Amino acid sequence: MSGNKEEVDPRINGIKTKIRVVPDFPKKGIMFQDITTVLLDPKAFKDTIDLFVERYRDKNISVVAGIEARGFLFGPPIALAIGAKFVPLRKPKKLPGETIFEEYELEYGNDRLEMHVGAVEAGDRALVVDDLIATGGTLCAAINLLERVGAEVVECACVIELPELKGRQKLKGKPLCMLVEYR
Amino acid sequence: MQTIIALAPLVSHRLCLAPPPFPRHRLLCRRAPSIRLPSHRSSTTSFRLLSSFAASRDSEMATEDGQDPRIPKIASSIRVIPDFPKPGIMFHDITTLLLDTEAFKDTIDLFVERYKGKGISVVAGVEARGFIFGPPIALAIGAKFVPMRKPKKLPGKVISEEYSLEYGTDKIEMHVGAVEPGERAIIIDDLIATGGTLSAAVRLLERVGVKIVECACVIELPECKGREKLGETPLFILISSA
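Here the protein sequences come in this chain order: A and C.
Take 1 as the starting number for the first sequence in full-length UniProt numbering and just add one per residue.
Take 1 as the starting number for the second sequence in full-length UniProt numbering and just add one per residue.
In case anyone wonders, no lab produced these hints; they're calculated from the structure.
All values derive from a computational prediction rather than experimental measurement.
Heads up, some of the hints might be wrong.
What the hints assert, rightly or not - If you anchor each label on the Cβ, the simulated ranges turn out as follows:
#, chain 1, residue 1, chain 2, residue 2, range
1, A, 41, C, 117, 39 to 49 Å
2, C, 225, A, 105, 24 to 34 Å
3, C, 242, A, 105, 39 to 49 Å
4, A, 98, C, 117, 23 to 33 Å
5, A, 30, C, 76, 28 to 38 Å
6, A, 97, C, 171, 40 to 50 Å
7, A, 7, C, 86, 30 to 40 Å
8, A, 97, C, 170, 46 to 56 Å
9, A, 20, C, 170, 34 to 44 Å
10, A, 97, C, 119, 36 to 46 Å
Idealized CB from N, CA, C, for every residue including glycine.
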């Protein structure tokens, strides 16, 4: 699933064709990968979830952490299907209870990712889900948050990877599973 | 064909982190009207039957306990946080529900049981907590999921609808072409308070010719009178928090 050409699942091409690329969003030069068009196709959306669920259902994953906001679209269906809890990782000031945060770099400046204290416990086996991995900054912050509370991050799962941005290298050695590459 | 669906009655709780140590409950058994199927002859009959049934049920409200057994566990899994985002607001935190795998599954199942097989082709979810409940429902009933977002998040061409805040206004947006005229939709959010966001979502979808079958939320804050803002559009909720 993560790039072995001989074994590409036949569902993947159907998902890939549903992704809409929007040029120059949010700014010039960026080819934005729009997954909302995948969500409009019930079969493509179901296939996306099924591919991840098949991979993780027997891996004793106890937590699926999803990164706001598009990670919220894919994480909960996976969590429900594999019997794991879902933990939202959010921008600052959204979560109402006591939180811990991890900073990460943007092109200009920094941002923060927050998680509720007590949501994840030491020994939890975690999956981190987002729609896309670009530079890997956000995913790295997510891994750090989970490890700080003693969870083991088993894998990161994204629908799309932009391999030229080398996000894989930012994942602290954790494996990445993705369905579709965009070059 | 069964057109009268099982309905989850409303349970009123006040859940607090601080004392008193256990919640005061008021059990309400108020039945929502059934969902009308598109041009099906028997649906009109069953709607009338249910209305008269509901009328007589109302008078038994105080004594009847017809609530779905899954609801109390769902209700007790929701954390209430005082004074967030500002003093005086009792914030209903559904993230604790998401940590309880059985409660989360039951929440989704309750909505799926209500909407499956009703010709609903669109589940619209309001950013961001509507994104958590909407997709699992959409997947289970075979509908598409349409995210309704704050301004400037959606990359393609959008239509937007303004709504009032306490001070000022905000907008929600939807992609052009995501839905088609004649589609039947439900709109999902975690909670309805004043109904500002949900009523904007209703208006946005109706502008492009979509029929809103129902709005569905986990929690209602009835004192905020959100139902009134929805006008003719029915509202289905699992938990009423007075």
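A quick look at each hint next to the structure:
no. : hint                       : result
1   : 41/A to 117/C: 39 to 49 Å  : 20 Å, violated
2   : 225/C to 105/A: 24 to 34 Å : 45 Å, violated
3   : 242/C to 105/A: 39 to 49 Å : 46 Å, holds
4   : 98/A to 117/C: 23 to 33 Å  : 43 Å, violated
5   : 30/A to 76/C: 28 to 38 Å   : 45 Å, violated
6   : 97/A to 171/C: 40 to 50 Å  : 28 Å, violated
7   : 7/A to 86/C: 30 to 40 Å    : 53 Å, violated
8   : 97/A to 170/C: 46 to 56 Å  : 24 Å, violated
9   : 20/A to 170/C: 34 to 44 Å  : 26 Å, violated
10  : 97/A to 119/C: 36 to 46 Å  : 40 Å, holds
When each numbered hint is compared with the structure, violations occur for hints 1, 2, 4, 5, 6, 7, 8, 9.
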